[in-house]
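Number of protein chains: 2
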Amino acid sequence: MAKPKKTPRPKAQTPKGFRDYFGTDVTDRADMLSKIAGVYHRYGFDALESSAVETVEALGKFLPDVDRPNEGVFAWQEEDGDWLALRYDMTAPLARVYAQHRNDLPNPYRRYTMGPVWRNEKPGPGRFRQFYQCDADTVGTASMAADAEICAMLSDTLEAVGIQRGDYVIRINNRKVLNGVMEVAGLAGDDKEAERGIVLRAIDKLDRLGQDGVRALLSEGRKDESGDFTKGAGLSEADADVVMGFMDAQRATGPETVARLRELVDGSDIGTKGVAELEEIAALLDALGYGPDRIIIDPSVVRGLGYYTGPVYEAELTFDVQNEKGQTVQFGSVAGGGRYDDLVKRFTGQEVPATGVSIGVDRLLAALRATNRIGTTEQGPVVVTVMDRDRMADYQAMVAELRSAGIRAEVYLGNPKNFGNQLKYADKRGSPIAIIEGGDENERGVVQIKDLILGAKIAETATHEEWKDRPSQFEVPRDQMLAKVKEILNQ
Amino acid sequence: MAKPKKTPRPKAQTPKGFRDYFGTDVTDRADMLSKIAGVYHRYGFDALESSAVETVEALGKFLPDVDRPNEGVFAWQEEDGDWLALRYDMTAPLARVYAQHRNDLPNPYRRYTMGPVWRNEKPGPGRFRQFYQCDADTVGTASMAADAEICAMLSDTLEAVGIQRGDYVIRINNRKVLNGVMEVAGLAGDDKEAERGIVLRAIDKLDRLGQDGVRALLSEGRKDESGDFTKGAGLSEADADVVMGFMDAQRATGPETVARLRELVDGSDIGTKGVAELEEIAALLDALGYGPDRIIIDPSVVRGLGYYTGPVYEAELTFDVQNEKGQTVQFGSVAGGGRYDDLVKRFTGQEVPATGVSIGVDRLLAALRATNRIGTTEQGPVVVTVMDRDRMADYQAMVAELRSAGIRAEVYLGNPKNFGNQLKYADKRGSPIAIIEGGDENERGVVQIKDLILGAKIAETATHEEWKDRPSQFEVPRDQMLAKVKEILNQ
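Chains as they are written, first to last, in numbering that gives the first Met the number 0: chain C, 0 to 490; chain Y, 0 to 490.
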């Protein structure tokens, strides 16, 4: 007879594409976010934490017109029929919050927010389905001063967390200029949307495809190495020249770049307006002393998102790192944003101009680690070992004494029988010091202090010559324990 | 002919039971959590942030045996058939994390975590479906020293965030003692589970039903005001006496309470073990100086959750507040926890003892507000008004100067035409000071400083007598602006 089946044990695993963060992964990020919040606060931005869950209709873009509207989002249906979803960014929720609370909020409304967002995408190496974003936006003003302010604030923020001047650059462009270039190249009008899409994607691929590849996509099309053919935008040679000229419009100084862009969009109202906006931002930043060592005008910045309507900006880290293949590459983008004047309108029917930036928190943290701005490990606690199970209260009193002097300390709470295990534990904890007090020490009113950092150094050295005058374990009277521990920790 | 229907505008609303947090709601909580993390860190607890999303099977309790397993959780099905869900507490994810990473974690593993959890419950007034929890747990040790340590740490934590000694009490009990009492009252054995449930619920209702009501539920049953009858546990008079005696077992001192409990569970092994555990915790806390002004043994603490297996503890704030009905009541519970030795076993098959506490973050924050430990408002930024749209760069330079001295400051970015609107804006922002510099001031090299706090005071006073020597608006040379602002802000 078959045995009755037991319920199988659940697998102890994060769902695919999710991860856990331990120790300094959590605290380093919290420290960095706290520094960022400090800058944002000083700029007059107020904190906001919107709910992680939104209605699918409020999030937009992902409408419940299919059986399961989980294209890109994690969504589920409520008993009352409503579809809810986890936010996939901080901008859509901001538009909802502003529309909902606009009568109570200051106008313009400057806000910052930091927290996790969720994407229902195929997970890949280093690509997670939950990650942190940290955004700052100004809602309710069309003034270019708002865009300039956010670029200046982004610059201050990067330096506040530890990225040095010269190790980053903030690039600014304007979508209206790009639209003007399209207009000049004959791609205005609703019937040219597909072609404009091809041009946008081609510009975004300049790094990868090179000038020739992009030009092929602008005209007839391009066959890639595998033989697959990608249809082009069908531009004439002259029109393609206009677009190519746009990508190549950067000059030595901001004013020269602006002058070149003005030539390129000649005859296009929207393009000319975009150039004027760029010029205004550049003048404001210049007056504040944010020169090209920090912020530059760069026509090659496009930004993927469809909703941008004016200035777009991007922060890039320019120092070199090794990629997974061992090649030396620039670290790259850590933040980006721009002006989006139509998002609140979805709710209220009225146009509400807005602009804002989003920092990729995990990437910025990785950058700080790559440049040794923050350590990846921290010193563990002082571990008080347990020599005599019945004297737990005495050991607890020792850690309490250390803690009240601000020193991180803990009693070993595992099975105390095997003393070797206690030292292995202290090692795993990264402990600088272990305290030992057996019955003999207790009678004599002393404790043993084991300097684990020094001990590790001695173990690494072939001869003990160098350390012979510094024993890594010594005895001190119990009432001098705290003073000695402080001395070893340089506190 | 009917007009073509437009897509209706989405409603700008948080989903039912969710809310947004603004300004100090966010920053006060962050400050409080940072203080709590400081205490936990000093006790040797490591930070952990597990993913917000778990597989339904890892969360447990909510198995996908119905079409939609959303009893209490927000859950959805992945394309590959797996059910995922938002975590509903921090304990189930800890068990999963420990089982998954146990070979890399120190043993015992002390960890703390803070973040939102989600409950798919019917929302009610003041009851939200997303809220914060802040937990500390020690996994991998059966030692009562771990439980004592968490109670001491909870006490330190409450004082660190601003709850004064005397305004709180931590109550400790032990589930084994309760099980022992049940055994003595004849309710041991698998066939008595329903009766044990009735007794547990009856004890939990002592506050509301009083001694007579509880006693009725212990014996035959009870008819409430509406005439509905609740079946009782069917205990004899003598057995009901045992249970009633348990609830009434608290004595003037810990040792006396322990002695009384020992009498009550006489003859029950599990009960006697529970009393010994309570005694051990009490002795450890006593040796560390955590007396009955902070931590007491209280047999009436039961804790709702089914998974507790030993010590249970609860922190209660004892000061009075007004409830919604205007009645004066004690603030009540803000944290609770206990020992749960079976949760990791679900994954690994091996019993892993664990104990931990969870702080109700929103309630503790409300308590700090109720006792004025933290303000509910903060001072807004200095607002630099815009008198001349073309001189935006000058105004930006003013705020930059203020900020570099650490002063929160912003330029008005709305339409500057109506100066009254700018002052209304400054008022809405809670600004202490507005700066005004028109063309005339600019020519003369001065700025106007408007002391808005003083101005508000003057407006409140019937006569200006009191303030006549202190004008609320005055002129200073531009290069003295910073010094004067600092003076007004007492910086």
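In case anyone wonders, no lab produced these hints; they're calculated from the structure. From a predicted model like this one, the values you see are computed outputs, not experimental measurements. Each hint should be verified, as a subset may be incorrect.
Any copy, or any two copies together, can satisfy a pair, since identical chains are not distinguished.
[Unchecked claim] EDC-like cross-link-like pairs, simulated, lysine to aspartate or glutamate; straight-line CA separation at most 20 Å: (1) Lys483 x Asp393; (2) Lys272 x Asp341; (3) Lys423 x Asp103; (4) Lys427 x Asp103.
Against the structure, the hints:
Proximity of lysine 483 to aspartate 393 under the C-alpha cut-off of 20 Å is restricted to the intra-copy arrangement: shortest distance 18 Å within a copy versus 57 Å between copies. For the identical chains of this complex, lysine 272 and aspartate 341 are intra-copy neighbours only, at 18 Å inside a copy versus 67 Å across copies, given an alpha-carbon limit of 20 Å. Only between protomers do lysine 423 and aspartate 103 lie at most 20 Å apart by alpha-carbon distance; the minimum there is 13 Å, versus 58 Å within a single protomer. Proximity of lysine 427 to aspartate 103 under the C-alpha cut-off of 20 Å is restricted to the inter-copy arrangement: shortest distance 9 Å between copies versus 52 Å within a copy.
Of the numbered hints listed earlier, not one is contradicted by the structure.
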